[in-house]
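Novice: Model the placement of chains B, C and D on the given structure of chain A, informed by the hints.
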Amino acid sequence: MPSPKKKNEILFFALRNNKLRIGLSIVLFFVVLTFVGPLLTQYKPDEFVGPPSSPPSSKFWFGTTTFGEDVFTQLVYGLGSTFMVGLIGGGLGTLLGVLIGFTAGYRGGLVDELLNMLTNIVLSVPALVVLLIIAAYLQVRSLFTESIFIAFFAWPWAARAIRAQTFSLRIRDFVDLARLSGMSSLKIIFTEIAPNMMSYLLLVFILQFGGAILTAATLDFIGLGPTNAISLGLMMNMAVLWGALILGTWWWFIPPGVAITAIVGALYVTNVGLDEVFNPKLREM
Amino acid sequence: MLKLDNISKVYKVGTFGGKELHAVSNVSFDVGDREVVSLIGESGSGKSTIGKMILRLISISAGTIVCNGVDVSTLKGAGLKEYYRSVQGVFQDPFSTYNPIFKADRIFTIIRDEFFPRISAPEWNDKLEKSLTDVGLNPEHVLDKFPHQLSGGQLQRFLLARALLLDVKFLVADEIISMLDASTRIDVLNLLADLKSRGLSILFITHDLSLAHYISERAVILYRGCVAEVGATEKIFGNPLHPYTQMLMASVPRLDKKWGQVEVELKAKQSGLTGGCVYEERCPVADTGCARDRPTLVEAECDHFVACIRYKDK
Amino acid sequence: MSLQVKKLTVYYQTLRWVVRALEDATLTVADGEIMGLAGESGCGKSTLCNSLILLKPPMRLVRGSVTLDGEELPIGDMERMNEFRFKRISVIPQYAMNAMNPTRKIGKMTKELLESRKVDWKATLPELKRRLDLVKLSHDVLNMYPIELSGGMKQRMVMVLSTLTDPSLLIADEITSALDVSSQKAVAEMLVAFRSQGCCKSVIVITHDISILYQIANSIMIMYAGQLAEKASTEVIIHSPRHPYTKLLISSLPTVGVKYSERHLKGIPGSPPLLLNPPVGCRFRERCPVAFEKCIEEPPFVEIEKGHFVACWKEPAKNA
Amino acid sequence: MTCFRVGGDVRQYFGRKLLIYILTFFIAVTVDWLIPRFMPGNPIDIMISRAGLRGSAVKTMYDYYTQLFGLNLPIWQQYLNFWSALLRGDLGISIFLFPTPVADVLMGAVPYDLALLLPAILLSWWAGNHFGAFAARSKWLDNTLLPVGYILTATPYMWLGILLAWLFCIVWRVFPLAGGYSFDLRPDLSLTFVWSLVSHWFLPFVSLFIVGFGGWAIGMRNMIIYELEADYSHYLEALGAPRKLIRKYAFNNAVLPQITGLALQLGVVVAGALATEVVFAYPGIGYLILQAIHNQDYFLLQGCFLFVVIGVLLANFIIDVAYVLVDPRTRIGMQGGG
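Chains as they are written, first to last, in my numbering: chain A, 1 to 285; chain B, 1001 to 1314; chain C, 2001 to 2320; chain D, 3001 to 3338.
For reference, chain A alone in the conformation it holds in the complex (with noise of 0.2 Å):
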């Protein structure tokens, strides 16, 4: 059945795909919040501006904290600095993955192998608990030194899936025809592999910028998150030490949870639906 132009075909799809809008307009909601929320709010997220443990008013949308900050403020600068993680900590993951994806995939043989266990070790070695003995150690942590550890483990998930998928494509025969053409190895990989994987390579980063996500969430609650900023595992923590769950202060731990929920839920479901948009045959389900 052959299709008009590839371009709007996609397109065609995509517009139409609901799991794509849902997710895709979260995430948006999420990200304007993140640069507006500051505007609306006159506070500081560690500023002592109102009653200790007051329930959501007019005046503080979500209530106070034990010490009186404003919930609100903590929230919205909390996601901006959980966006910040998600971006340079999966961003980071997904160059790692395709560097070492691609050499592996594309130069095959002892290099492959090479490559193909170093993955596996650090895939098999608990990510999270290494994280902990670096975090305890680093007196003062920043976001970015916390985003590079996290990507430092998360780089192997992005490996292997595109290894696989540069695999697939190096054997294909328009390779062949390129190096035919006396392109050179790198030229190939680049404007004749590359591009076929961009799709590929979308849906890696979201799934690596969603785990980044999740693993400096657990990270902060542990108390190993960021010295210098607020994140929403953080806040988190922050309610279980003060003893949010006995003082009944639900308005404290609910809204960081429901926006990392939200946001990661939301990019797990965008991811299938680009999935769908992508590769037809999952299209018929």
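Don't take every hint at face value.
Beta-carbon label-pair distances, calculated as ranges [as the list claims (entries may be wrong)]: (1) B:1071 / C:2015: 50 to 60 Å; (2) A:228 / B:1118: 50 to 60 Å; (3) D:3226 / B:1118: 47 to 57 Å; (4) D:3134 / C:2015: 18 to 28 Å; (5) B:1043 / C:2028: 36 to 46 Å; (6) A:107 / B:1100: 18 to 28 Å; (7) C:2057 / B:1071: 53 to 63 Å; (8) B:1247 / C:2235: 20 to 30 Å; (9) D:3143 / C:2285: 43 to 53 Å; (10) A:107 / B:1043: 19 to 29 Å.
Chain C regions said to be covered by chain D (calculated; three or more residues, Cβ under 8 Å) [said to hold, decoys possible]: (11) 2080-2086; (12) 2091-2097; (13) 2111-2125.
Below, computed lysine to aspartate or glutamate pairings styled on EDC-like, alpha-carbon distance capped at 20 Å [claimed, not checked]: (14) D:3017 / A:113; (15) B:1076 / B:1114; (16) B:1258 / C:2033; (17) C:2108 / D:3327.
Hints were generated in silico from the structure; no laboratory data involved.
We put the CB at the ideal spot given by N, CA and C, even for glycine.
Specialist: Quick look at chains B, C and D alone, frame taken from chain A:
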């Protein structure tokens, strides 16, 4: 033109390359100028591996490939690129030979960037249009289209036009028409044969005997990486010597003879060769004499003749 | 009795477009007949046969009826059709090489399949073993996994499996295309042996390789772009076809005797029409050398001689 | 059970797998040894500053500790000692529970961890697979039940823990909030003690179970759709086999990659368990790690790290062995059959 001297290809398989798989073992044959040689073999016979070795897409484990006096197996970088000016390949699956997300005619722009960087646009355009018409394509209908908007036949002709643009001397055609429909297949085959008249020599790799017979002057029969039989196509098809080739000739489905007939003919030819009695093979009472000389009709009794050495003339 | 198909029309319905893959197919297959079904890719031969046994989305039955041995086949209704599948009508699929569950022993899978269709496994076992000998497969193949068999062996195993309950109609979909020349001949001859041993009453052999049909088929049906073009006995189709498309198709086949230097064979210019919105009337019109204004109407698939059907205005019907 | 033909290749396959795991363990231990020695801040200074000593006492205590922990020896000597101690099972002495060796502290926490992790992982794996297979039955089910799966798998482990804790412990007071068992009881085999154990265990188990469950359901849904589209399913359909049989085969084949998935996900699940234990103050290794961090007890921290790594690697190896036993394709593929 191209001489294969005892080439072999060994793959390492199993974990840590434990076991060795001999895909091709000391194959030697040569392809002269303006000659079409067909390389015939079933799947797994290593015919595509040989094709890929000639095109230097995979390394050669042993032996040498000499093209116009130059040992190809050691060429690197610029030398290899120069080699590709005179030797090119066409592959089997048109839809895997084109990068799906680019327009089909991108293969020409790659050629221009790599081999004719300083050619002027108008000069290149009419060189391109000339080679497209030479392969029976109308430039307006086929240029600026995605691969999935063109038929298999058109895509394969694109590859031939690409070879014409480089005016190559040697073409490796690896099963180029097996994915095409019967009606369009024959035109591409005729086109391939026409290229011969333009001074091109072709290695036609196929598993289909009737195609090989149709197009090639010499044929090489390959079985599990070794050459079973080489020679002029009529000789090999007319009088197959190697038992494998005989089996192939007996099994290929023909449009003129049924399998049964072909078998009987082959048997007759064999026993005919030995000059003995034709029924000798299946005769329950045959003895050594029967296989040696052909018995003539003798009159065993009045008005009753028989051709069997057991009976003497009355 | 035999297979009667009347005006069978099946379209592929997907989100964005409708492909009119099969248009008004009317044909009969007598008992004991091996009918070859040939044509270029996209001519609808697979659609015709798949609709007979497994008509499920995206395929949609538009109209037409099918009777097998006098009984109407409910091809439109997936559930009711289950009763007929495997017992009355069976298929050797195009993908026979990986048609068996890779993680199940062949014997266990066969047992479970038969029992799920209420067929007594113990009673069938001796017959199964007899047929394994017929196709030269050793009995301990039942204790092996499909991965342990070669391509040809898997093909023969699926052949035995599909005909285990002696269906009255067997559809063999491109069973020889993926095989080498030697095993191709063996499998083709086994199919004929199966029919003559009564493992199935009649067979439809789908293939794009007409020379295989010449070897084993009693009659050949040629299809083009979703329409039936011509049907006749094998000799007539090969040596004296009447439909212009069949003539051109047969003449473009390089048999072993032909050499380029002696005779240039000619292909058919152009390519088959897209079945999104196929041309009105005879779909071979644009490529047909003898097309004339009458071809705008769809030519009926009519019997011009005993057992010789053609769909072309140039061939006047016997009684016209 | 199929007879297990151990061919040469199978041993080579396991040899290679074992090699990777041993290499991983070696690297993990080396990383674990490196961290305290090269990270900024010296554990001894921190310990002394916490003890609030002054003047000469600082010097003597510093020498005593350095000598005790063998930090004054040359680096490679320390490394060898570390390995020899490790092989003897001596993981050094905990700082904040000073005299008790790390190994004993860990031994106290491990039973709780196993009781929590094993049932949570295996049950969520089993239930998730069946739920995923069920969700793939029809389009309506797929569109309603699947988003639930995505929400669950996106939920941070600890947040679900907090929610459950808040709902069941505070609002409805059904379950106790913290600890392994209520403080007024002494561990004995009486019914009350066992009941208290179970009620403390239940909420962490449920939160781990639910989050894991979502992930497996999605994985299985994708895999089973892939298997239902496979050729052998079409063939069975063409032969009129009942839906039940086709689904059974598809499920059995779809479960196999989920087994390798289990090995890969182990690290993530263990991390989740640590966070959940912190929420419920459940006395497993996670809670120990939290205390170690708060009290800067590096040696306990390293001990916990080693235990988790060994546990995960061991589990991975067991799962690899199980996979070869269950999937005939790999087993026979390795013996060069077919």
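Novice: Each hint needs a verdict: does it hold in this structure or not?
Specialist: Hint-by-hint comparison with the structure:
1. A hinted range of 50 to 60 Å for the beta carbons of residue 1071 of chain B and residue 2015 of chain C is consistent with their spacing of about 57 Å.
2. In this structure the hint that residue 228 of chain A and residue 1118 of chain B lie 50 to 60 Å apart at CB holds, the actual value being about 58 Å.
3. At roughly 51 Å, the beta-carbon separation of residue 3226 of chain D and residue 1118 of chain B lies within the given 47 to 57 Å, and the hint holds.
4. Distance hint for residue 3134 of chain D and residue 2015 of chain C: a CB-CB separation of about 26 Å, consistent with the stated range 18 to 28 Å.
5. For residue 1043 of chain B and residue 2028 of chain C, the hinted distance range of 36 to 46 Å is satisfied, since their beta carbons lie about 38 Å from each other.
6. At about 24 Å, the beta-carbon gap between residue 107 of chain A and residue 1100 of chain B stays in the expected band of 18 to 28 Å.
7. For residue 2057 of chain C paired with residue 1071 of chain B, a C-beta distance near 59 Å keeps the hint of 53 to 63 Å intact.
8. At roughly 27 Å, the beta-carbon separation of residue 1247 of chain B and residue 2235 of chain C lies within the given 20 to 30 Å, and the hint holds.
9. The given range of 43 to 53 Å is respected by residue 3143 of chain D and residue 2285 of chain C, whose C-beta atoms sit roughly 46 Å from each other.
10. Against the hinted window of 19 to 29 Å, the Cβ-Cβ separation of residue 107 of chain A and residue 1043 of chain B comes to about 28 Å, which satisfies the hint.
11. With 6 residues carrying a beta carbon less than 8 Å from a beta carbon of chain D, the segment 2080-2086 of chain C meets the three-residue requirement, and the given coverage holds.
12. Counting residues of the segment 2091-2097 of chain C whose beta carbon lies closer than 8 Å to any beta carbon of chain D gives 3, which reaches the threshold of three, so the coverage claim holds.
13. Chain D is given as covering the segment 2111-2125 of chain C, and this holds because 4 residues of the stretch bring a CB closer than 8 Å to a CB of that chain, at least three being needed.
14. Between residue 3017 of chain D and residue 113 of chain A the alpha-carbon distance is near 13 Å, which keeps this suggested pair within the 20 Å criterion.
15. As the CA atoms of residue 1076 of chain B and residue 1114 of chain B are separated by approximately 16 Å, the hinted pair is consistent with the 20 Å bound.
16. Between the alpha carbons of residue 1258 of chain B and residue 2033 of chain C the distance comes to roughly 18 Å, so the proposed pair stays at or under 20 Å and holds.
17. Pair hint residue 2108 of chain C plus residue 3327 of chain D holds up; C-alpha atoms about 16 Å apart against a cutoff of 20 Å.
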